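Colleague: In order, the protein sequences belong to chains A and B. 1 is the number of the first residue of the first sequence in this note's numbering; add one for each residue after it. 1 is the number of the first residue of the second sequence in this note's numbering; add one for each residue after it.
Hints listed in this document are in silico derivations from the structure and should not be mistaken for laboratory results. Where hints are given, some of them may not hold.
In silico DSBU-like cross-links for lysine-lysine, where the CA-CA straight-line distance does not exceed 35 Å [as the list claims (entries may be wrong)]: (1) A:Lys399 <-> B:Lys95; (2) A:Lys50 <-> B:Lys286; (3) B:Lys321 <-> B:Lys286; (4) A:Lys222 <-> A:Lys396; (5) B:Lys321 <-> B:Lys81; (6) B:Lys95 <-> A:Lys286; (7) A:Lys92 <-> B:Lys89; (8) B:Lys350 <-> B:Lys81; (9) A:Lys89 <-> B:Lys321; (10) A:Lys89 <-> B:Lys222; (11) A:Lys321 <-> A:Lys350; (12) A:Lys31 <-> B:Lys222; (13) B:Lys81 <-> B:Lys31; (14) A:Lys396 <-> B:Lys95; (15) B:Lys95 <-> A:Lys229; (16) B:Lys286 <-> B:Lys399; (17) A:Lys399 <-> B:Lys396; (18) B:Lys280 <-> A:Lys50; (19) B:Lys81 <-> B:Lys50; (20) B:Lys31 <-> A:Lys50; (21) B:Lys399 <-> A:Lys321.
Predicted model, so just to flag it, every value in this text is computed and none were measured.
The chain contents come next:
There are 2 protein chains.
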Amino acid sequence: MLRGKVLVAQGGGPTAVINQSLVGVVQEARKYAQVEGIYGALHGVSGIVKEELVDLTQETTANLERVAATPSSALGSTRDKPDAAYCEKIYKVLKAHNVRYFFYIGGNDSSDTCRLVGNFAKAENYEMAAVHVPKTVDNDLMENDHVPGFPSAARFVGCAFSGINLDNKALPGVYVGVVMGRHAGFLTAAAALGRIQPDDGPHLIYLPERTFDMDRFLADVKRVYDQHKRCVIAASEGIHDAEGIPIVTRLMKNVEKDAHGNVQLSGTGALADLMCDQVKSKLGIKRVRGDTFGYLQRSFLGVVSDVDQREARESAQMAVKLGMQGFTGSVAIKRVGDYAVEYVATPIEKIAALTRVMPDEFINAEGNNVTPAFMNYIRPLVGTTLPDVSVLRAPKVAKILNK
Amino acid sequence: MLRGKVLVAQGGGPTAVINQSLVGVVQEARKYAQVEGIYGALHGVSGIVKEELVDLTQETTANLERVAATPSSALGSTRDKPDAAYCEKIYKVLKAHNVRYFFYIGGNDSSDTCRLVGNFAKAENYEMAAVHVPKTVDNDLMENDHVPGFPSAARFVGCAFSGINLDNKALPGVYVGVVMGRHAGFLTAAAALGRIQPDDGPHLIYLPERTFDMDRFLADVKRVYDQHKRCVIAASEGIHDAEGIPIVTRLMKNVEKDAHGNVQLSGTGALADLMCDQVKSKLGIKRVRGDTFGYLQRSFLGVVSDVDQREARESAQMAVKLGMQGFTGSVAIKRVGDYAVEYVATPIEKIAALTRVMPDEFINAEGNNVTPAFMNYIRPLVGTTLPDVSVLRAPKVAKILNK
């Protein structure tokens with residue numbers, strides 16, 4: 001076992017449990033005699049190249065546990081995508097500090113960064129384990145049944161739509177809720193957790209896995225509204241037309257892209273407003289409201305799945321166990337029962353820069369809802385203590401006037 | 001004591017605890033021998049005039065307790081504002097069903113409705129107690145230290161900004177969160193609950209109690225951004241210019257008004273988008289994001305203050321106790337300690353159709369933040385079990401490259 005330092009970093013969008021993974025790495029690494037120090041890089045790989053490192057060995061376990069329960073990335077994050085020159089800088093810093101175990105917690109872009117850094121070290125004959133620890137609210141990593149961060153965000157979306165449905169029942173109208181998810185509709189589909197009674201919403205769910213057609217959407221809304229006198233809709237921010245162009249980018253003057261070429265979809269209410277305007281003007285329905293869940297859904301304080309917390313922690317612990325044996329790659333979550341999981345060492349090429357989308361069996365034939373198979377998939381993930389909900393069942397009083 | 005029926009209804013916007021008040025009325029009324037039945041009107045006063053009543057006497061206590069813990073208005077709600085003709089219809093229904101105790105749970109508009117109905121019954125010499133039970137997320141009822149529904153919504157806003165602040169710290173930029181509140185800024189001010197560390201956001205808070213000036217806003221943002229390299233802003237949907245025109249209505253093509261003449265402010269992302277556009281174009285800051293909290297904040301499942309639940313229940317129980325003695329009026333919450341409350345019988349004329357706003361001592365001199373007096377006011381309300389948050393305190397590692 002090579003003696004050296006551990007370096008851990010967090011990349012991409014924050015989640016409610018990404019600090020569980022961070023603390024999982026730190027606590028697990030403390031157990032190994034070959035570890036001569038545990039460093040954290042501030043703001044992901046950008047902190048490595050700037051040599052902005054902190055000594056996590058100095059943290060108390062009491063504070064680490066408080067940080068683990070805190071949402072968002074405690075080390076800070078980045079959207080940087082390292083190229084060859086960037087990798088050379090990373091290499092110099094890693095070598096200078098004798099880092100022999102590198103753990104990068106992140107999604108598909110971050111796993112690709114991890115892969116590039118690992119390859120670069122290999123090419124330079126610098127012996128180092130580089131292990132990717134999975135996280136993403138989009139749930140779009142290949143090889144994983146689901147990804148830490150997603151279940152807590154799904155719990156948020158489910159609780160939001162449960163409340164929205166009850167609100168919409170009290171003051172009927174049409175409601176559009178726009179949920180995060182660029183290419184994968186898992187998080188939007190989680191809106192279905194809000195349904196308990198037969199007439200509960202969301203009545204319609206639109207996912208990026210299917211082409212969005214405005215006329216079909218309006219026909220769907222009209223049908224539901226005629227039946228229930230109300231309609232609750234969940235739409236992914238990534239819904240797109242037949243050409244694959246996101247509906248929201250058709251509306252924006254200046255399209256903003258990050259270093260990975262991703263168009264900015266969140267942080268604007270434009271899509272919800274457009275869909276509401278269409279319902280108002282084309283269907284003549286008066287009470288139409290739209291919300292964009294935005295940044296609330298990925299780091300809301302106190303809405304977290306205990307299952308997600310446990311799995312985020314455990315997958316990071318497994319990453320350290322593998323890394324300490326010299327493994328380079330990723331750790332994937334496999335479902336092995338109903339409900340149980342295993343953490344599996346996985347070649348990073350099977351994950352890096354790839355995107356998993358919802359399987360067909362989770363989406364109904366009309367492409368405007370989810371199936372029972374999806375409900376069975378998501379229910380065990382979102383936590384063991386979901387709040388209870390009920391409705392009045394009091395019988396109607398006979399009318400005695402105007403007889 | 002007059003023998004007759006109890007009728008309970010819910011008006012205005014739903015809250016997370018309005019069903020606690022409903023169940024408080026039902027459970028308390030069951031104890032009185034003079035009560036020959038407990039009816040609920042569907043969708044507030046509109047359900048009374050349509051004689052859409054349900055017999056709550058038939059509900060099990062087990063289900064009533066589940067409904068109490070469920071957000072939104074279980075009986076349904078309405079935005080109707082009764083005029084004289086409307087009141088005559090209400091009177092006919094009340095008399096036909098021998099309703100002698102009328103409880104209307106709602107905000108300032110609903111209390112006015114309650115007052116009008118009470119006056120109408122009086123004018124017709126129909127003996128009936130009409131008691132208003134307070135609720136509103138805006139916290140804008142006169143005579144009340146605070147109003148049931150507000151503390152839970154404030155908890156939501158506080159938890160949201162706590163997470164948003166951590167998210168913004170991980171991926172720095174400018175963030176604008178738009179919060180409900182037409183004339184009163186209490187709910188927006190609750191964003192300050194997200195601050196723990198000295199550099200935590202929201203760094204700026206804009207309330208409808210002060211005139212909003214776009215140039216001053218941009219100067220504020222620039223100052224904070226220059227200092228912290230990031231800026232989190234909480235803005236009320238009701239912020240307005242010097243003429244009193246809401247900033248958001250300047251943007252909308254078709255201004256929508258309800259029966260009370262209130263302009264629609266929620267259910268659109270326009271204000272957040274406008275403020276973000278200004279920051280991007282005028283200050284040249286790239287990463288600028290905006291969210292509109294919309295309907296999530298008033299009926300989110302599972303984010304509720306236990307203090308609020310208790311007070312919503314208890315104020316309704318007190319309303320029944322007073323009503324059974326023939327009292328007509330409202331019940332107000334008075335703070336009598338730090339922290340303790342009393343429920344006080346209050347003439348409805350002191351509440352109906354009036355709006356309370358934040359006292360000057362809660363707002364800083366610059367009009368862009370709240371004071372310690374406000375923090376002391378709000379902290380006991382939002383619950384006894386707020387989630388804990390912490391940050392890493394690991395020391396920086398000395399740079400060893402480029403020496």
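Colleague: It remains to establish, for every hint, whether it holds in the given structure.
Modeller: Structure-based check of each hint:
1. A:Lys399 <-> B:Lys95: holds, 13 Å
2. A:Lys50 <-> B:Lys286: holds, 21 Å
3. B:Lys321 <-> B:Lys286: violated, 59 Å
4. A:Lys222 <-> A:Lys396: holds, 28 Å
5. B:Lys321 <-> B:Lys81: holds, 27 Å
6. B:Lys95 <-> A:Lys286: holds, 34 Å
7. A:Lys92 <-> B:Lys89: violated, 82 Å
8. B:Lys350 <-> B:Lys81: holds, 19 Å
9. A:Lys89 <-> B:Lys321: Violated. A:Lys89 to B:Lys321 sits at ~74 Å, over the 35 Å cutoff.
10. A:Lys89 <-> B:Lys222: holds, 33 Å
11. A:Lys321 <-> A:Lys350: holds, 20 Å
12. A:Lys31 <-> B:Lys222: violated, 46 Å
13. B:Lys81 <-> B:Lys31: Holds: B:Lys81 and B:Lys31 sit about 32 Å apart, inside 35 Å.
14. A:Lys396 <-> B:Lys95: holds, 18 Å
15. B:Lys95 <-> A:Lys229: holds, 30 Å
16. B:Lys286 <-> B:Lys399: holds, 29 Å
17. A:Lys399 <-> B:Lys396: Given that 35 Å is the threshold and the Cα spacing comes to 75 Å, the pair is violated.
18. B:Lys280 <-> A:Lys50: Roughly 27 Å between the alpha carbons, so the hint for B:Lys280 and A:Lys50 holds.
19. B:Lys81 <-> B:Lys50: Distance of about 15 Å is within 35 Å: holds.
20. B:Lys31 <-> A:Lys50: violated, 71 Å
21. B:Lys399 <-> A:Lys321: holds, 29 Å
Checked against the numbered hints given earlier, this structure breaks hints 3, 7, 9, 12, 17 and 20; the rest are met.
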